[in-house]
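Each protein sequence line maps, in turn, to chains A and B. In terms of the numbering used here, the first sequence opens at residue 1 and continues consecutively. In terms of the numbering used here, the second sequence opens at residue 1 and continues consecutively.
Please note: incorrect hints may appear among the correct ones.
To be verified - Mimicking DSS-like on lysine-lysine, the simulated pairs with C-alpha atoms at most 25 Å apart in a straight line are: (1) K108(B) / K42(B); (2) K57(A) / K83(A); (3) K9(A) / K79(B); (4) K9(A) / K70(A); (5) K71(A) / K83(A); (6) K2(B) / K79(B); (7) K2(B) / K9(A); (8) K42(B) / K79(B); (9) K83(A) / K45(B); (10) K79(B) / K45(B); (11) K83(A) / K70(A); (12) K2(B) / K57(A); (13) K14(A) / K70(A); (14) K79(B) / K108(B); (15) K71(A) / K2(B); (16) K9(A) / K83(A); (17) K2(B) / K45(B); (18) K57(A) / K108(B).
Quick caveat, the hints were computed from the structure, so don't treat them as lab data.
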Amino acid sequence: DGGITQSPKYLFRKEGQNVTLSCEQNLNHDAMYWYRQDPGQGLRLIYYSQIVNDFQKGDIAEGYSVSREKKESFPLTVTSAQKNPTAFYLCASRIDRGYDNEQFFGPGTRLTVL
Amino acid sequence: RKEVEQDPGPFNVPEGATVAFNCTYSNSASQSFFWYRQDCRKEPKLLMSVYSSGNEDGRFTAQLNRASQYISLLIRDSKLSDSATYLCVVNSPYGDMRFGAGTRLTVKP
Numbered sequence: 001d002g003g004i005t006q007s008p009k010y011l012f013r014k015e016g017q018n019v020t021l022s023c024e025q026n027l028n029h030d031a032m033y034w035y036r037q038d039p040g041q042g043l044r045l046i047y048y049s050q051i052v053n054d055f056q057k058g059d060i061a062e063g064y065s066v067s068r069e070k071k072e073s074f075p076l077t078v079t080s081a082q083k084n085p086t087a088f089y090l091c092a093s094r095i096d097r098g099y100d101n102e103q104f105f106g107p108g109t110r111l112t113v114l
Numbered sequence: 001r002k003e004v005e006q007d008p009g010p011f012n013v014p015e016g017a018t019v020a021f022n023c024t025y026s027n028s029a030s031q032s033f034f035w036y037r038q039d040c041r042k043e044p045k046l047l048m049s050v051y052s053s054g055n056e057d058g059r060f061t062a063q064l065n066r067a068s069q070y071i072s073l074l075i076r077d078s079k080l081s082d083s084a085t086y087l088c089v090v091n092s093p094y095g096d097m098r099f100g101a102g103t104r105l106t107v108k109p
């Protein structure tokens, strides 16, 4: 089955630690995205990548880093510089050819900083 | 001004009611428009794309007015299972997608 997987589903981190969230897709999509969602809030874009080895900052990139070494994978690292990292993190992908291509989302990772 | 703005809600309606959600977007160069549904503590899932001619999928109707930069979603004969948050999504010319904050709908018996 084609789709997007994220792991882990739940993650607990101590303050000062870096953590990496995994996102993998087998849909052969070109573009991949990371969003953060806080309770009762909409999705805010952290980073996105339209092609391998290239990515762009979104609205709230500070304290986060990404890599896109393979088309299928777009891991997100939440660094200790991120002041309030507790949130629901969603990864998405999209074909990115033409305009009428929706995003498909993974199931998300809930990160809690203890 | 936010790039995508939605009715803040929440909307609380009885079963069988008709409910309409509105959304406005600021970037006139946007080309793709979508409504997503998000259940509590789950990922968003595509409900329907929105086309200039308007489109309908069962009880759901989406409309786009490019001149006014306005998108709407109409739900007829609401079901309990329609309770969710509805997200308006617009593509940006830079390759990313812009999300509204969402409108929460609760359908009550």
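So, going through the hints one by one against the coordinates:
Only pairs whose Cα atoms come within 25 Å are accepted, and K108(B) paired with K42(B) is accepted, the gap being roughly 21 Å. Note on K57(A) and K83(A): the hinted pairing holds, with a Cα-Cα distance of about 18 Å set against a maximum of 25 Å. Between the alpha carbons of K9(A) and K79(B) the distance comes to roughly 30 Å, so the proposed pair goes past 25 Å and is violated. Distance hint between K9(A) and K70(A) is fulfilled; the C-alpha atoms sit about 22 Å from each other, no more than 25 Å.
With a C-alpha separation of about 30 Å, the suggested pairing of K71(A) with K83(A) is violated against the 25 Å cut-off. Between K2(B) and K79(B) the CA atoms are separated by roughly 31 Å; this puts the pair beyond 25 Å, and the hint is violated. Taken as a hint, the K2(B) and K9(A) pair is broken in the structure, with Cα atoms around 30 Å apart against an allowance of 25 Å. The suggested pairing of K42(B) with K79(B) holds, with an alpha-carbon distance near 19 Å, which does not exceed 25 Å.
With a CA separation close to 29 Å, the supplied pair K83(A) and K45(B) exceeds the 25 Å bound. Between K79(B) and K45(B) the CA atoms are separated by roughly 18 Å; this keeps the pair inside 25 Å, and the hint holds. For the suggested pair K83(A) and K70(A), the alpha carbons sit about 29 Å apart, so the restraint of at most 25 Å is broken. Distance check on the hinted pair: K2(B) and K57(A) sit about 18 Å apart at the alpha-carbon level, within 25 Å; holds.
For the hint pairing K14(A) with K70(A), the CA-to-CA distance comes to about 29 Å; that exceeds 25 Å, so the pair is violated. Annotation: proposed proximity of K79(B) to K108(B) holds, straight-line Cα distance about 8 Å (limit 25 Å). For the hint linking K71(A) to K2(B), the alpha-carbon distance of about 31 Å lies beyond 25 Å, and the restraint is violated. At roughly 21 Å between alpha-carbon atoms, K9(A) and K83(A) fall within 25 Å of each other, so this suggested pair holds.
Between the alpha carbons of K2(B) and K45(B) the distance comes to roughly 22 Å, so the proposed pair stays at or under 25 Å and holds. Of the pairs offered as hints, the one joining K57(A) and K108(B) is violated, with about 41 Å between alpha carbons and a cut-off of 25 Å exceeded.
Of the numbered hints listed earlier, those contradicted by the structure are 3, 5, 6, 7, 9, 11, 13, 15 and 18.
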